[in-house]
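Asker: Listed below, chain by chain, are the residues.
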Amino acid sequence: MAWTWFHQFGSPRWFYEKTTAWMPWLFALSIILLIVGSAWGLGFAPSDSKQGNSYRIIFIHVPAAFLALAGYYIMAISGAIGMIWKTKVSYLVMRSAAPIGAVLTFVSLFTGAVWGKPTWGTWWVWDARITSMLILFFLYLGVMALQNAFNHEESANKASAILALVGTVNIPIIYKSVDWWYTLHQPATIKFTEDSTIDPSMKYPLLLMVVAFYVLYATVLMMRTRTEIIARERKSKWVKEMATAS
Amino acid sequence: MHPARKQRLYIVLFIVAFASIAIGLIVFALRQNLDLFYPPSKIAAGEAPLETHIRAGGCVLPGSVVRSTTNLDVEFEITDGPAKVKVYYSGILPDLFEEGEAAVVSGKLNPEGHFMATQVLAKHDENYTPPEVADLAGEGADHQKTCEVISYDS
Numbered sequence: 001m002a003w004t005w006f007h008q009f010g011s012p013r014w015f016y017e018k019t020t021a022w023m024p025w026l027f028a029l030s031i032i033l034l035i036v037g038s039a040w041g042l043g044f045a046p047s048d049s050k051q052g053n054s055y056r057i058i059f060i061h062v063p064a065a066f067l068a069l070a071g072y073y074i075m076a077i078s079g080a081i082g083m084i085w086k087t088k089v090s091y092l093v094m095r096s097a098a099p100i101g102a103v104l105t106f107v108s109l110f111t112g113a114v115w116g117k118p119t120w121g122t123w124w125v126w127d128a129r130i131t132s133m134l135i136l137f138f139l140y141l142g143v144m145a146l147q148n149a150f151n152h153e154e155s156a157n158k159a160s161a162i163l164a165l166v167g168t169v170n171i172p173i174i175y176k177s178v179d180w181w182y183t184l185h186q187p188a189t190i191k192f193t194e195d196s197t198i199d200p201s202m203k204y205p206l207l208l209m210v211v212a213f214y215v216l217y218a219t220v221l222m223m224r225t226r227t228e229i230i231a232r233e234r235k236s237k238w239v240k241e242m243a244t245a246s
Numbered sequence: 247m248h249p250a251r252k253q254r255l256y257i258v259l260f261i262v263a264f265a266s267i268a269i270g271l272i273v274f275a276l277r278q279n280l281d282l283f284y285p286p287s288k289i290a291a292g293e294a295p296l297e298t299h300i301r302a303g304g305c306v307l308p309g310s311v312v313r314s315t316t317n318l319d320v321e322f323e324i325t326d327g328p329a330k331v332k333v334y335y336s337g338i339l340p341d342l343f344e345e346g347e348a349a350v351v352s353g354k355l356n357p358e359g360h361f362m363a364t365q366v367l368a369k370h371d372e373n374y375t376p377p378e379v380a381d382l383a384g385e386g387a388d389h390q391k392t393c394e395v396i397s398y399d400s
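These protein sequence lines are chains A and B, in that order. In terms of the numbering used here, the first sequence opens at residue 1 and continues consecutively. In terms of the numbering used here, the second sequence opens at residue 247 and continues consecutively.
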């Protein structure tokens, strides 16, 4: 039966026990990738002909923004799976993804402001890209707030899953905003359909940082989900046995 | 798939589709207001309101920047190819402001069609090149691609 693994992953105990072995590997891999990527990007990549060294914020700004968008889909899709199949773990993944996404969105807004001041001459401008990114930040905060606004867990999960699903509309808008409207924010540098407009000596460390952020995201998401599982199942027999065994 | 699950799947798809259509219509209705700035050709065509706080954006016409010798006053022209607009500004320009580069100015349009700017922002492009590569490519490659394709003769 093809659905077996799917339902197994939906079981908190199975998920927790399976991922225990993965955690140290994921953790080590994300640290290594982050160190190599930052050293390469901040120390060895050449400076930009016009911006000098201030462009180096790209190595944090772009990966954080990538994951802020991708993380939203992860949150919304796990919310949808929770609504359709009512598997226990998927709502816990959704709940864990919201604060991580909020932090990443904040990081990309903050690094963008720090970069904007010397480059554009302003910290903040209400253009389509920056405003839609701010809306994404509020959507993440909204999901977190809804999650805590209900006493009954199932209503809380359902309400925040619906908000997460409605908010998915914002993701393509953020992504395409720089092409659809006149914005101060420049269009995408890394392009999937044509040549990227960045020198290879800067592109490879940037791509490495994107991969590093993906692995870091997976690690933190899994860590948070495992904590949620333990907190939720604290009265169950297998958690008690594990706690007394260690 | 279990019928109950299938029904819930349809509900999820309905939520996403409905929200997309609703927000798509809102964005479509507001599409003009979502632009951060007016291009010079729209200002020349009279589409931009006078004496109202607006933004204009375009490439700084090479050779048009005139700086005052006694104070921070500066005047320059921005263009998008078909039209150009004269901009007056008093203040410090951002580091990336240069002739042949894109800029966004905010301020008011006076009845003569001149732009009295209260703020000048440099618009960066999506290109990143090390200084050596930019030197090799020659003088023209230093400018933004969006501004390169504009012919400044008109």
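Keep in mind the hints are simulated off the structure, nothing from the lab. Don't take each hint at face value.
[Said to hold, decoys possible] Using 30 Å as the maximum straight-line C-alpha spacing, the simulated DSS-like pairs for lysine-lysine come out as follows:
id, chain 1, residue 1, chain 2, residue 2
1, B, 354, A, 86
2, B, 354, A, 88
3, A, 117, B, 354
[To be verified] Calculated Cβ distances over 10 Å to all of chain A for the following chain B residues:
id, residue
4, 266
5, 269
6, 314
7, 320
8, 358
A quick note: this is a predicted structure, and the numbers were derived from the prediction, not measured. We treat Cβ as the ideally placed atom computed from N, Cα and C, and that holds for glycine.
Asker: Each of the hints needs a verdict: does it hold here or not?
Answerer: Here's how the hints hold up against the structure:
Using a Cα cut-off of 30 Å, the hinted pair residue 354 of chain B and residue 86 of chain A is violated, with the two alpha carbons roughly 57 Å apart. Taken as a hint, the residue 354 of chain B and residue 88 of chain A pair is broken in the structure, with Cα atoms around 57 Å apart against an allowance of 30 Å. Restraint check for residue 117 of chain A and residue 354 of chain B: the C-alpha separation of about 23 Å stays at or below 30 Å, so the hint holds. Remark: the non-interface label on residue 266 of chain B conflicts with the geometry, its nearest Cβ contact in chain A lying 5 Å away (cut-off 10 Å).
With a closest Cβ-Cβ approach of about 5 Å to chain A, residue 269 of chain B is found to fall inside the 10 Å limit, against its non-interface label. Distance to chain A confirms residue 314 of chain B as a non-interface residue, since its nearest Cβ pair spans about 19 Å, more than 10 Å. Once the 10 Å rule is applied to beta carbons, residue 320 of chain B is consistent with being away from chain A; the minimum gap is 14 Å. Every C-beta of chain A lies more than 10 Å from that of residue 358 of chain B, the closest at about 24 Å, which supports listing it as non-interface.
Hint violations for this structure: numbers 1, 2, 4, 5, all remaining hints satisfied.
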